[in-house]
Amino acid sequence: MSDDRSDVAKLILKLDPILRHPVRFSIITILLVAGSKTEGELAKSLDISWGRLSTHISKLIKEGYIESRKGFTIYGPRTFINVTNKGIKAYYEYVNTLDKILRFLKKE
Amino acid sequence: MENKELYKEVELGKIALNLLTYKFKIYSATSQLILGLTSLLIVFSIITISKTLKNIYAPKWIWFSLFLLFFVIFFSLAIAVENIFRKSLKSLRHLISIGGNKIDEKRINYIYVFAFSLPYITLYMFNPLPLWYSFAWLLSTNIAYFIVWFCYERYINSLIPSLKLRVNIFFVSSLTPFSILALYLGIINNPLAIFSAGIGIAVATIVSSLQEIYRAEKEL
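First to last, the protein sequences are chains A and B. Letter by letter, the first sequence follows residues 1 to 108 in our numbering. Letter by letter, the second sequence follows residues 1 to 220 in our numbering.
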């Protein structure tokens, strides 16, 4: 049992701190499912202010989980946000690790 | 964060990851259905037109324009399908990147070019039976999809083991009995060979597409 506990502790430490924030987790989820989105669309989907969104976006960009690209639409220039391969891999590992932890907690 | 919220987060994450597989499967099934039925329509139109206009005088440019029109329709549809499912194709790259692999797009392009040219060219070089030209396209399609399954589908499945794409193998296995039947009817010079070829491709297209859609829905 103590071995199990230490395994779970290791898993908890393995959890990506960047994705542990619900807003950042949601940003990657939206980009993964719906593809490229503008900053405006993301703010609207998450119902958060531009300021808060840009803080999280810069953290994700710094980590290399997402990338931004300037583009032109019929409404004018927009910044498009895309998830990167590194971001998808991190997301996949995060979900799997969290799943393992929760399964252990359920057993307990 | 409470446990309940964490459970919801995991559930959401799993749904998001499953959606990537789902989107690619739906793309594969839909493109198979649209392009399969369009090819069937084109082949039947060509056969009907050549039979009807056989004894009627028609300038060569009419024939050329008809063939051109069919190809334009087919390729426009293919481009439309690719554009509509742009995001699904991206989801395939995402899925592959999870395993740390990279898709060899050049290899896939070569497979498709090879599969959809060589069998047709080879089988249409000969004319061993009176009805050969009317049903040889079915045999070529069967071989083409066998190559696609052997070289493409297995390759994609090896890159993403969770995907389990089966649309091409279902197509090949549903089409093979009709190919044998068409070949047999062709050997005994029965015009039903053409009909059997048409029915075969329609059945194989519908069965393989619906089967893939059903499997995708079940996994979601």
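What the hints contain is simulated information worked out from the structure, not anything from laboratory work. For every residue, glycine included, the Cβ atom is placed at its ideal position computed from N, Cα and C. Hints should not be assumed to be uniformly reliable.
So the derived list for chain B, only partly shown, Cβ under 8 angstroms to chain A, looks like this [said to hold, decoys possible]: (1) Glu9; (2) Leu12; (3) Leu20; (4) Ser97; (5) Ile98; (6) Val113; (7) Met125; (8) Pro128.
Per the computed footprint, the stretches of chain A lying under chain B, defined by three or more beta-carbons under 8 angstroms from a beta-carbon of chain B, are [claimed, not checked]: (9) 21–31; (10) 71–79; (11) 89–96.
Outcome of the hint check:
1. Glu9: 6 angstroms, holds
2. Leu12: This hint holds: Leu12/B lies near chain A, its Cβ roughly 6 angstroms from the closest one there, short of 8 angstroms.
3. Leu20: With a minimum Cβ separation of about 7 angstroms from chain A (threshold 8 angstroms), the hint on Leu20/B holds.
4. Ser97: Holds. Min distance 4 angstroms.
5. Ile98: For Ile98/B, the interface hint holds, since the closest Cβ of chain A sits about 5 angstroms away, which is under 8 angstroms.
6. Val113: Result: violated, 27 angstroms to nearest chain A Cβ.
7. Met125: This interface hint is violated because 45 angstroms lies over the 8 angstroms limit.
8. Pro128: Nearest chain A Cβ about 51 angstroms off; hint violated.
9. 21–31: Coverage by chain B holds for the segment 21–31 of chain A (3 residues, Cβ < 8 angstroms).
10. 71–79: Coverage by chain B is violated for the segment 71–79 of chain A (0 residues, Cβ < 8 angstroms).
11. 89–96: Holds: 5 residues of the segment 89–96 of chain A have a Cβ under 8 angstroms from chain B.
This entry does not satisfy hints 6, 7, 8 and 10, going by the numbered hints stated previously.
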